[in-house]
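Asker: Given chain A's structure and the hints, the job is docking chain B onto it.
Sequence lines, in order, name chains A and B. Residue numbers are given in numbering that gives the first Met the number 0: position 27 of the first sequence equals residue 26, and the series is strictly consecutive. Residue numbers are given in numbering that gives the first Met the number 0: position 319 of the second sequence equals residue 318, and the series is strictly consecutive.
Hints were generated in silico from the structure; no laboratory data involved. Hints should not be assumed to be uniformly reliable.
Under 7 Å between C-beta atoms, here's a sample of chain B residues computed to sit facing chain A [said to hold, decoys possible]:
(1) W12
(2) I16
(3) V18
(4) K77
(5) V88
(6) G147
(7) A160
(8) G170
(9) L171
(10) I178
(11) F195
(12) K330
(13) Q348
Facing chain B, according to a computed beta carbon distance under 8 Å, are these residues of chain A, among others [claimed, not checked]:
(14) E60
(15) A84
(16) F124
Below are the DSS-like pairs computed for lysine-lysine, each with C-alpha atoms no more than 25 Å apart in a straight line [unchecked claim]:
(17) A:K53 / B:K80
(18) A:K55 / B:K70
(19) B:K330 / A:K55
(20) B:K66 / A:K55
(21) B:K80 / B:K70
(22) A:K53 / B:K330
Backbone N, C-alpha and C fix where the C-beta goes; we use that ideal spot for every residue, glycine too.
Below, each chain spelled out in residue letters.
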Amino acid sequence: MYETATILAQPPAPGGPGDLKSYLPLILLFVLAGAFAVFSVVVAPLVGPRRYNKAKLDGYECGIEPSPQPVVGGGRVPVAYYLTAMLFILFDIEMVFLYPFAVTADALGVFGLVEIFLFIATVGFAYAYVWRRGGLDWS
Amino acid sequence: MTRAEVLADDPIWLILIKVVVLFAFGVVMTLFMIWLERRVVARMQHRPGPNRVGPFGLLQSLADGLKLAFKEDIMPAKADKVVYFIAPVISTIPAFVAFSVMPFGGRVSIFGEQTYLQLVDLPVGVLVVLACSSLGVYGIVLAGWSSGSPYPLLGALRSAAQVISYEIAMGLSIVGVIITAHSLSTGDIVNAQANFELWGLKVNSFFIPLLPSFLIYVTSMVGETNRAPFDLPEAESELVGGFHTEYSSLKFALFFLAEYVNMVTVSAFSTMLFLGGGLFPFVGQDSVLNNGWLQFVWFIAKTFVLLFLFIWLRGTLPRYRYDQFMRLGWKVLVPVNLSWIVALVAVRQLRSAGWPLGPTLFFGAIAVLGLIALSFALPDREVPDDEYVPVTGGGYPIPPLDLEVPTETPKRRRQTRGSRSRRRAAVTAGQSASASQSQEGSNDGNV
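Excised from the complex, chain A in its bound form (with noise of 0.2 Å):
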């Protein structure tokens, strides 16, 4: 098991936790994919042809007069997806708090089983009362 105060007392092992150097090649990767991205996004309106009109810049729908729209941005959004999000969060959280039990499921013995089932109990009480009230329902 680690302890949390030997781990920071030691400097840390060459590709261990804590190395935050072996995350150099993860940066350049970051790096060489955004360079390729920004070059293309920046090279692009430079290189086409450039024959605007009204019509080409108008929203695309189908080739009937574009329906109204809010200055910038996308108009209104349907409120379901506001509660889909909200159960995202919630199930995501759990979904977090599972990874570092999976870690170490066989170390933590029976203890560890019996709390991952409580926890699961609790979360999946929340979860039926979120079907029983529709709220998986797509309507």
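Answerer: Chain B in isolation, oriented as in the chain A frame:
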């Protein structure tokens, strides 16, 4: 030395080579996958598919990419300029970064330097992939929102709801692997699968004992990458092109690139988690079939099996309806996943405690079946009866029109006492009420 230590010891030139090769791998895989998809779907539909540009039409997607670069770049007048500009970038970067933790192969020597065919082996490698797949959806949502047009907005919203719903199923299916492998590091998960035996056979993979997790992962990875039959965000018959309707030129190409790189990523991730990474089945880890470079070949082969599955699904299945799709994610995959995790932990604990597995599983199954039967006995929620609320074409409920108009108002009789004014009041009431019943009522009053 462990895998992580060897990789942390890489000199900078080797890291740079790996970064560039990994990036090129992503781009080449995208070009190849587009070609493969068009060819295979064409075969499934009894037509030849692209076969003119280069041998077997192999250069078709490269030609398409070049053509896209020289197309007109349109920025809609209603668009939010800055967000519209950076959305393709946000979509592309995480797609590539997720590649960095994939264990493509075993230990090799490149120019005399011992290393692994992997960029980094982080202690939280699995979380990096999950984080990248979640971040990619920002690009899609912002692209749809900033276009200032209804179809992209709807596509983006659908995409966001879809990705977050299936993210849960995906994340929970990985828990089974982590329980078995005791690690979040991609390299360690592959190592845990080496020499994994089942019925005296070295299967070198987790997918048979963890079959429920594997099936849920494969289902949710199709939903996560917005691919058919779950391609609702870009359902062309409903939403034109979905979130990228207003995009053209290289910006559109970047979205395409991100989608295909994501497909390769989830397939490679699945290979790593369930199919034993680059390990060849039925032989030991030290066998000649499992040397570093050959492991790379097996890894790519396994990844292509899953990529073919993507194409196969697209060629055979019709698109889901949105409510069916959400029901599958929330009401099937999530509860099955949670039950499976509890069952897996329980079985592992019982086995290590030396309990008799057979009887325990038997009684456990009876208990679970009893609970399921009990859940069916719960009464359904009562739906309020809305039969008596008539709705007109305008969509607004209107008050009932068959009200009984009282023949006499006691107050008025006391005040006026004249029969004439009473008659007039009754006639007015009869005219204003449209239902025949009230008219009859007032006539009765007159008689």
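Asker: Now, for every hint given, state plainly whether the structure supports it.
Answerer: Structure-based check of all given hints:
no., hint, result
1, W12, "violated (12 Å)"
2, I16, "violated (11 Å)"
3, V18, "holds (5 Å)"
4, K77, "holds (5 Å)"
5, V88, "holds (4 Å)"
6, G147, "holds (5 Å)"
7, A160, "holds (5 Å)"
8, G170, "holds (4 Å)"
9, L171, "holds (6 Å)"
10, I178, "holds (5 Å)"
11, F195, "violated (15 Å)"
12, K330, "holds (6 Å)"
13, Q348, "holds (5 Å)"
14, E60, "holds (7 Å)"
15, A84, "holds (7 Å)"
16, F124, "violated (12 Å)"
17, A:K53 / B:K80, "holds (17 Å)"
18, A:K55 / B:K70, "holds (13 Å)"
19, B:K330 / A:K55, "violated (43 Å)"
20, B:K66 / A:K55, "holds (19 Å)"
21, B:K80 / B:K70, "holds (19 Å)"
22, A:K53 / B:K330, "violated (47 Å)"
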